[in-house]
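Make the full structure from the sequences, and use the hints.
Line by line, the protein sequences give chains L, S and W.
Residues 11 to 341 in the working numbering are what the first sequence lists, from first letter to last.
Residues 2 to 472 in the working numbering are what the second sequence lists, from first letter to last.
Residues 1292 to 1581 in the working numbering are what the third sequence lists, from first letter to last.
Keep in mind that the hints were calculated from the coordinates and are not lab data.
Honestly, I wouldn't trust all of these hints.
Cut-off 20 Å, straight-line C-alpha distance, at most; resulting in silico cross-link-like pairs (EDC-like, lysine to aspartate or glutamate) [claimed, not checked]: (1) S:Lys151 / L:Asp168; (2) L:Lys89 / S:Asp168; (3) L:Lys170 / S:Glu122; (4) S:Lys382 / S:Asp97; (5) S:Lys129 / L:Glu288; (6) L:Lys170 / S:Asp150; (7) S:Lys153 / L:Glu288; (8) S:Lys153 / L:Asp171.
Ranges of calculated distance between the beta carbons of each label pair, as one might list FRET restraints [said to hold, decoys possible]: (9) S:Gly438 / W:Leu1454: 40 to 48 Å; (10) W:Gly1385 / S:Arg463: 55 to 63 Å; (11) L:Leu94 / S:Tyr152: 25 to 33 Å.
Calculated from the model, a selection of chain L residues having no Cβ within reach of chain S, i.e. all distances over 12 Å [said to hold, decoys possible]: (12) Pro158; (13) Val201; (14) Gly204; (15) Asn208; (16) Leu299.
Note that the structure is predicted; figures quoted are calculated from it, not measured.
Backbone N, C-alpha and C fix where the C-beta goes; we use that ideal spot for every residue, glycine too.
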Amino acid sequence: MTPTALRWIGGSLALAALLAYPYLFGIYFTNVFVTFGIFALYAVSFNLLLGFTGLLSFGHAMFFGAGGYGTALALTHFKSLPLLPALVIGVAAAVALALVLSPLMVRVSGTAFSMLHLAFAQLMYVLALKLRAVTGGEDGIGGFRIPPFRIPGLVSVDMKDPSSFYYFAAAVLGLSVFVLWFVTKTPFGSVMVGLRDNPNRVAYLGFRVPQTKAVVYLLSAGFAGVAGAVYALFQNLVSADALHVLNSFTPVTMTMIGGVGSFFGPILGAAIFGVISELTSRYTERVELVVGLILILVIMYAPQGFMGFVNAARARARARFAPGGATELVR
Amino acid sequence: MKPPRTALALVIFTLLLLFGAADALAAAPKAAFDSDKMADMSDFDPNNPVIPTGDTIKIAVVASFSGPAAVVGQIYFISVQWAAHDINKRGGIMVDGKRKMIEVIKANHASQPAETKKVAERMVLQEKVHVLWGTDGSHLMKVINQVADKYKVIAHTTAALSDELYDETSFSRYSFMSSFSTEQIGRAAAYYYGKVRKKEKKFYILGQDYLFGHSLADGFKKGLKEYYPEAVLLGEDYHPLFMKDFAPYLQKIKASGAEVIFTGDWIPDAENLLVQARQMGITLPFANLFLDEPNMLHRVGVDGTSGLVHVSQYGSEGGFFKTPGQTKAYKAWNTLWKTKWAAPYNTRLYEHGTGNIGSYIQQTYWLLSVIERAGSTDPEKIIKVWEGDSYQLLNGKVLTMRACDHKAIQDLHVEEYVPPAKQRESFNIAPYFWYEGTSSVGPSVMIPAKSVLPKMDRTLARCKDKSEAGE
Amino acid sequence: MDPTTAMYVAQGVHGLAYGMLLFLVASGLTMVFGMMGILNIAHASFFMLSAYFSYQVLAVFGSFWLALLVAPVVAAVLGVLCERLLLRRVHAFGHMGELILTVGISLVILEGVKVFWGTESLPIHVPAILEGRLALGGLDYPVYRLFVIGLALVVLGVLAALLYTTRLGMVVRAAVSDSGMVNALGVNVPLVFMLVFGTGTWLAGVAGVVIAPILTVYPGLADQMGMDAFVVVVTGGLGSLWGAFLVSVILGELNAYGVQFVSQLAPVLMFLFMAIVLAFRPMGLFGERE
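Right, dumping it as structure tokens:
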């Protein structure tokens, strides 16, 4: 069979598995998958800045949180707001925040970029705690109505049912990931990589660097907002935890574990993280020890992440089985 | 004519009889903790707990078992396991026609709402627990209640204190609160100062800047209006959680001329506040909720802790050991602590098994008693028994479960901390002190339940026409 | 001094005392971050570890001064080991690698502390000599806090003197500025960096011992102080001791007077200050690297 045929079959099987998932694995693991999906998108949006544009953000949680709070607040204050508009409002909040910050952020890079993001994310966090009347402070906003997914006249699906929510979330998150993937494959995606590797050259080629960076920034923030909005709908609760610095570190570790250089690395990282999280919560109380050791070991011995591991193995396999290759090596 | 007057007298007499009888009937609890029935606990070791498996009654203790707050999980576990171990040694509980043991399962939420939802769902969907017991942090208990409501499993609020958990938006008929709640705590403190102590008049509130801190302060202010109108509130400040330097706040309080500082702070804020206040030479008493942790008290010493006023949900007026049963139960715990338990359960924190630990143990006994009388783990049957139920704890206190909003009506106690020589008033058996190295509970004043009924949200449909006493 | 003035002055001294505490923690971090470019999330964990070590020394020997001598050194040694064995290898992967590694180290330290000393808080007392309060013209101020201010100033002075007047200091500054050149000149650059990292961690250790009598020593101590230290370093400028000092004092005073006058806003002021400074000078007040 040709590789393409194999890919089609593999893809169809995966799709079938995805569709049947809730019925195969039950409610609990369905919810685990949704959580994975949310953080996978979050990490991918983060990696748009890091892996593709070379900008390491230590405050990505503020866009995630903006999406979450935007949706939660909208649903709390507009009692009959439908599902998709609520989602869009959350995304709009994240994009708006990015718009406000972008004039500053696109003119810095390197350590300054990272630290500035840490600063503003912390400011958001403290404000969220402080403005209890609006954000609910430590306790957050919860218990808002989760609207059903409705196509007027056609269908109305209750989103409180875990399986239904799974399909909705999978569709939204999957579509988002696809859009981002598509962006990286366009000429614009090449410009992004160019910005990472040699911004001066890109400027000489006639691209306006700050504006280009701004577009990437808005994309990254917007999709982090999508993840946050879905999170708020899924949990029926969003609290300052979503803005905490630990939530900014999460996509960083996921991306690293999965592999920075690849688009799918963060998704893999989110999956691995999910598995580790499930295992530690069941079998040990020494959660910090396990996670800490894993982080140390991975960064020291597999710094390219899982994808790096895979790519290295693939390269070795190719070298071995290439015509004449093995004999070359042996000599 | 005679008949009307006689009739009237008869009516009045009958009414008096009825009310008197009703009163008497209302006073007797439907069940009580009987220390005579306590099993031999000498084999209880929290580090090697005997956890039954198979067809058991499963209780998930949802708490922080990892991270900086891991001590909380340890405290909850030993409390619930103690009660479970006792009942198991007595042969378990008869439910649905079979004798079943109690299985206590640890569920770690790592102090995060997302993790709380996940672990609560895992407990319900995979471990198939019958009760979710918890937890430290009302925002986390809210999540637990949501999961309980969604999957129709009983949730038992034993440590979270927020009134909002049972208001119109958050109420779930599957969740029951046996701990005290923020508003009634604040009112109890005000009642004590206004109706019992009647000395200090000038107060300053220093609370944590989140819902709990504010609700507690609101309760205190409400109580002052009701029970102590002559009191003066000189100021109120709310500090962020995990505050490092309290000096600026303390300076303000010092300058205000306040006589008492009211605070709901818990560790580490509570410890930092007390330690730094005493270092600054501020000897004012704190009216508090969580300044009862023995490590912190020992650090500050006898003088610095004398005069503290503590609102307790496990107090006892006139001495903790009034009956042989109470002494027996105490000694069962204390002897094991002295001779058998290893780290982390051999620290001062676990010495007496009273205070919050005692309360958690007794609240668990109530839960188990309800299940026993329901004769089933079916939530509907448990709800039927628990609503309106009343239970007498080891220390004589009676808890009544208000049917409309599932909050507990109970007497509260306000304790004054005194040097070891005076602790005899509450620790009325040898060696006649709680601790040698610090002030601790001395006089313990009962605040009657009817003066500190838990807050009722009248917008909750079930409670619309009910009085605060639940009728 | 009339009571109101006394109160304002007292708040000012409180701000200074807290600022100095911050400076002690942040000074080590800014040295390491600024001078070596290493993002050390575990810095606050070494600070906490040193506080726990001091408890141990106190428990065995009963001397606070011995603890002040020994505990920071032990913490520094551990820090140097981490640098030598772990950090050095991930330096090539930039900030992200350092972040992940040091987060891992901080988690392991958190767990380690719970394993050895338990989950409850540990009592550490102010040494007898420094107990009590001093009456300064109407002001009744705790002696220990004055000690903290004094110690921090001494530390600053010694560090600055070392860096700017000694040959060693010159070598360190040169190595930071252009390590390749300095290496070519025959100086053992890795050794210099190890020294810098060790000193930075030692400073955190000193802060840990000094803070222990005032703050609760419990497993969450690192989380409490960590963010504040970062704010100081980032706002003051990576690698700038003077920046760290200035910002520490500013933040301390902002906190004290914020609580006094606008107590509703006090917690926000710190991050607002940081955000504003960074918006105008992304490298921090005195930052110059990169």
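Here is how each hint holds up against the structure:
Restraint check for S:Lys151 and L:Asp168: satisfied, since their Cα atoms lie roughly 14 Å apart, inside the 20 Å limit. A threshold of 20 Å between alpha carbons decides the hint, and for L:Lys89 with S:Asp168 the separation of about 19 Å falls inside it, so the pair holds. Restraint check for L:Lys170 and S:Glu122: satisfied, since their Cα atoms lie roughly 14 Å apart, inside the 20 Å limit. A threshold of 20 Å between alpha carbons decides the hint, and for S:Lys382 with S:Asp97 the separation of about 11 Å falls inside it, so the pair holds.
Restraint check for S:Lys129 and L:Glu288: the C-alpha separation of about 17 Å stays at or below 20 Å, so the hint holds. Taken as a hint, the L:Lys170 and S:Asp150 pair is honoured in the structure, with Cα atoms around 12 Å apart against an allowance of 20 Å. For the given pair, S:Lys153 sits about 24 Å from L:Glu288 by alpha-carbon distance, which is inconsistent with the 20 Å threshold. Our distance criterion of 20 Å between C-alpha atoms is met by S:Lys153 and L:Asp171, whose separation comes to about 14 Å.
The hinted window of 40 to 48 Å between S:Gly438 and W:Leu1454 holds, with their beta carbons roughly 46 Å apart. One distance hint, 55 to 63 Å for the beta-carbon pair W:Gly1385 and S:Arg463, holds here, with the actual separation near 59 Å. For the hinted restraint 25 to 33 Å between L:Leu94 and S:Tyr152, the CB-CB distance of approximately 28 Å keeps it satisfied. With a cut of 12 Å on Cβ distances, L:Pro158 stays outside the contact zone with chain S, its closest approach being about 16 Å.
Chain S leaves L:Val201 outside its interface by the beta-carbon criterion, the shortest separation being 36 Å against a cut-off of 12 Å. With a minimum CB-CB distance of about 37 Å to chain S, L:Gly204 clears the 12 Å threshold, and the non-interface call stands. For L:Asn208, the condition that its CB be more than 12 Å from all CB atoms of chain S holds, with the nearest at approximately 40 Å. At roughly 9 Å, the least C-beta separation between L:Leu299 and chain S is not larger than 12 Å, which violates its mark as non-interface.
Going down the numbered hints, you'll see the structure goes against 7 and 16, while the others check out.
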